[in-house]
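Just so you know, the sequences run in chain order A and B.
The first sequence lines up with residues 1 to 215 when you count with UniProt numbering.
The second sequence lines up with residues 1 to 289 when you count with UniProt numbering.
Treat the hints with care, as some may be off.
One-sided excerpt, in silico: chain A residues whose CB lies under 7 Å from chain B [unchecked claim]: (1) Phe16; (2) Pro44; (3) Val47; (4) Leu48; (5) Leu59; (6) Asn61; (7) Thr62; (8) Thr65; (9) Gly74; (10) Gln79; (11) Pro83; (12) Pro173; (13) Ala174; (14) Arg179; (15) Gly180; (16) Gln183.
By construction, these hints were calculated from the structure, which means they are not laboratory data.
Ideal Cβ placement from N, Cα and C applies to all residues, glycine included.
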Amino acid sequence: MLSVLTDNWELFREGFWTTLRLFLVSGVLSLLLGTLLATFRVAPVTVLRGIGTGYVNTLRNTPLTLVFAFLFFGAAKMQLGLPTFFWAAVTALTVYTSAFVCEVVRSGINTIPPGQAEAARAVGMTFVQVLTIVVLPQAYRAIVPPMTSIMIALLKNTTIAAGFSVLEAGAIPAAMAERGESQMLTLLWITIGFLILIIPLVFLQRWAERRTAVA
Amino acid sequence: MSAVLYDVPGPRAKARNRILNVIVLALLAAGILWLVLRLNSTGQFEGRRWAQFQYTAIQEQLLTGLLNTLRAAGAATVLALIFGAVFAAARISDHRWLRVPATFVVELFRAIPLLILMFFFYYGSLEFELGLSPFHAVVFGLTLYNGSVLAEIFRAGIAAVPKGQREAAYATGLRKNQVVRLVLLPQAIRAMLPAIVSQLVVLLKDTALGFIITYNELLYVAKQMGGRLEFGFPYIPTYIVIAVIYIGLCSLLSLLARYLEGRSRRSRKVTGGPPPAAAESATSAEAPL
């Protein structure tokens, strides 16, 4: 059973390295885009709120696979092709995940006691200052557990890139099939790999949940 | 809360907001215009790329794809609800030998990527000749993942029912089975219904993964239709059509979830029941994908 892993170590290493890169790059990007969308959704400008709401409602009801399919097969037909498959996958994951990040950040903003924002306004802060100096830093602390869930989901969703010619962990079975290795053992190793990546995140989530529960 | 973040706009703020509105609208219009021009200049609006949707055979093919999507989603919904109920029951059991393995199973299937779960059935069937079709792989994969998530939702719902309810039920002499069945479950399911429906939206969306393991569902059909040379590779028109179908279907379910949530919140207010904070935090912590 171990030989499946050791004989094809290169493939596994490259696959999981790509998975990790996909996860980290699109994780950071979707945190940024999601926070921006959340500020849109609470902004005093009506059109910005409309854009935020429209974006979230559309993307949350679209299968991620469809976003992938559009970017990989459709966008090229509009001559919008992204430089590499890797960046196309990052774009798909970011566009999709940021809708969920936006909702979590927004719910985090809602947990901050109104007095905080009122006090900030009372000392003359503008909307952007209230949000960036007073509300968002507190909101982030409150949303660590649900945000970790979203990041776990993102990590698992990177496997979808396998269906679109990105050689990450999910694409290993297809490559192994060509080498005539046992698929089940390959999948078992991939599962173990994912568990190794995900379990620390689960513990982070539990820890954050306990900490916020006490506070 | 959002209205707390800024003062009620005075004359100056109103003027500023109006200007910002106009600027954002202009930017949005420019973006849409650019997109339309892009689509136009690459010929996406040409009649030949849309012509195939007029043929009955093609419409039937789309319909078959849609039906296959719904068939997989329907079967997986039923199985996942059963799976979730069984494992939630096991997880709240007083018997350690039942609780521990159930917890392990639920946590495991929540941690494995859904596509990998589907691969297990798909490649497993190829390797051991189990005779499972891609349909089965999609349904079983969806069942294991969503069933585990549903088990957590059920469990959180039961845990969120106020303790006094359980104690009162035991005090009137009901047995454990009766307490759960007659007192806890009805209240838990009502509180959890929005979360359950939201999870079913996730399930419906995830049927699209079947595309990767060659299950003949909507997205798979779309890929085939988009690749037709005689219509000039109409990928964009096809994806627009199926995006409308997917977003429409899921939005309907999402609306149902929101309606249920609003209704349960209203009814809680009327009956003066306990604050639903515990139940809601339990659902919002659930992985949304």
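- Item | Hints the structure fails to honour | 1, 5, 11, 13, 14, 15
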